[in-house]
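For the sequence shown, this note's numbering gives the first residue as 3, with consecutive numbering after it.
Don't take every hint at face value.
[As the list claims (entries may be wrong)] Capping the alpha-carbon separation at 27 Å, the derived lysine-lysine pairs in DSSO-like fashion look like this: (1) K4 with K193; (2) K113 with K193; (3) K53 with K107; (4) K224 with K53; (5) K107 with K173; (6) K53 with K6; (7) K58 with K6; (8) K173 with K53; (9) K113 with K224; (10) K107 with K6; (11) K173 with K138; (12) K224 with K58; (13) K193 with K58; (14) K224 with K138.
[As the list claims (entries may be wrong)] Cβ-Cβ distance ranges computed for the label pairs, FRET-style: (15) S9 with N51: 14 to 22 Å; (16) F133 with M3: 42 to 50 Å; (17) P199 with Y134: 13 to 21 Å; (18) N51 with F10: 19 to 27 Å; (19) N111 with F76: 15 to 23 Å; (20) G165 with F127: 34 to 42 Å.
Simulated from the structure, these hints should not be mistaken for laboratory data.
It should be emphasised that the depicted structure is a prediction, and the values quoted were computed from it without experimental measurement.
Cβ coordinates follow ideal geometry from the N, Cα and C atoms, glycine included.
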Amino acid sequence: MKTKIFSFIFFIIFSIQLYAEYADVPSLRIFSKPLILLTLLVWLVVSTNLKGRFHKRILIGLIFGLIGDVLLLFQSGQNSFFMYGLISFLLCHIFYIRAFVLDHKSNPNQKNPYFLWSVGALGIFCAGLFFYMQPKLGALQFPVLMYAIIISIMAMMAVNRYGKVNVFSFKVILYGALFFLLSDSALAINKFSTPIPQSGAVIMASYMIAQYLIVYGTIERKLVVTRTEV
Numbered sequence: 003m004k005t006k007i008f009s010f011i012f013f014i015i016f017s018i019q020l021y022a023e024y025a026d027v028p029s030l031r032i033f034s035k036p037l038i039l040l041t042l043l044v045w046l047v048v049s050t051n052l053k054g055r056f057h058k059r060i061l062i063g064l065i066f067g068l069i070g071d072v073l074l075l076f077q078s079g080q081n082s083f084f085m086y087g088l089i090s091f092l093l094c095h096i097f098y099i100r101a102f103v104l105d106h107k108s109n110p111n112q113k114n115p116y117f118l119w120s121v122g123a124l125g126i127f128c129a130g131l132f133f134y135m136q137p138k139l140g141a142l143q144f145p146v147l148m149y150a151i152i153i154s155i156m157a158m159m160a161v162n163r164y165g166k167v168n169v170f171s172f173k174v175i176l177y178g179a180l181f182f183l184l185s186d187s188a189l190a191i192n193k194f195s196t197p198i199p200q201s202g203a204v205i206m207a208s209y210m211i212a213q214y215l216i217v218y219g220t221i222e223r224k225l226v227v228t229r230t231e232v
């Protein structure tokens with residue numbers, strides 16, 4: 003029941019935010035954007051009571067994501083807001099990584115046939131994206147490179163949950179991580195390289211789906227083997 007209620011509320015906010023991006027209504031965007039993660043925060047707390055470290059780390063990641071959302075609302079013409087937003091989302095990803103690592107620690111001997119492939123694929127993607135944008139990054143080369151590395155590691159660690167949690171949670175969080183990668187890649191390409199038509203709608207749609215899936219997968223998570231309190 004909680005999932006249905008919060009999913010319905012989230013769908014309404016999702017629709018409002020997409021309309022605000024598509025129709026370019028700044029006042030509506032300022033109203034709806036903070037509600038995206040606020041809704042997911044409440045859903046996570048109500049559904050899990052933050053019983054384990056995994057839930058708490060995802061919660062902290064969401065809080066940093068919320069801060070990043072607010073900062074990026076005011077980034078137009080202000081590189082400082084973009085930088086602070088970048089740092090906030092960097093911390094968001096770091097806490098997601100720390101949460102996913104807990105699942106690995108619960109059953110470290112479980113072999114994962116996909117992990118090395120994911121490292122190779124995501125490493126190539128990260129390097130390719132960075133070198134594609136590099137000529138136009140200027141002084142932001144190092145921060146953007148670090149961000150690209152961290153979000154790639156986040157996706158790798160989502161892959162590394164295979165066999166350590168129930169299949170549903172694994173798949174949903176992995177899809178969320180990949181949507182996050184898509185959203186951030188679109189944002190970076192649009193800002194530093196090639197303008198994307200209706201970029202706001204594309205970026206926000208993939209971002210909202212990403213965060214929703216990560217929270218949903220967190221709520222539905224069940225460990226295959228429990229060796230430590232996670």
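Each hint tested on the structure:
1. K4 with K193: Not OK: K4 and K193 at ~38 Å, beyond 27 Å, violated.
2. K113 with K193: violated, 39 Å
3. K53 with K107: Status holds; Cα separation ~18 Å.
4. K224 with K53: holds, 13 Å
5. K107 with K173: holds, 19 Å
6. K53 with K6: With Cα atoms ~22 Å apart, K53 and K6 stay inside 27 Å; holds.
7. K58 with K6: holds, 22 Å
8. K173 with K53: The hint holds at about 22 Å.
9. K113 with K224: holds, 18 Å
10. K107 with K6: violated, 32 Å
11. K173 with K138: violated, 35 Å
12. K224 with K58: Cα-Cα ~15 Å, so holds.
13. K193 with K58: Status violated; Cα separation ~32 Å.
14. K224 with K138: Cα-Cα ~44 Å, so violated.
15. S9 with N51: 14 to 22 Å: At 19 Å between Cβs, range holds.
16. F133 with M3: 42 to 50 Å: holds, 49 Å
17. P199 with Y134: 13 to 21 Å: Cβ of P199 to Cβ of Y134: about 18 Å, so the range 13 to 21 Å holds.
18. N51 with F10: 19 to 27 Å: Taking Cβ atoms as reference, N51 and F10 lie about 22 Å apart, which means the hint holds.
19. N111 with F76: 15 to 23 Å: Once the Cβ atoms are compared, 48 Å apart, the range 15 to 23 Å for F76 and N111 is violated.
20. G165 with F127: 34 to 42 Å: At 24 Å between Cβs, range violated.
Going through the hint list in order, the structure does not satisfy hints 1, 2, 10, 11, 13, 14, 19, 20.
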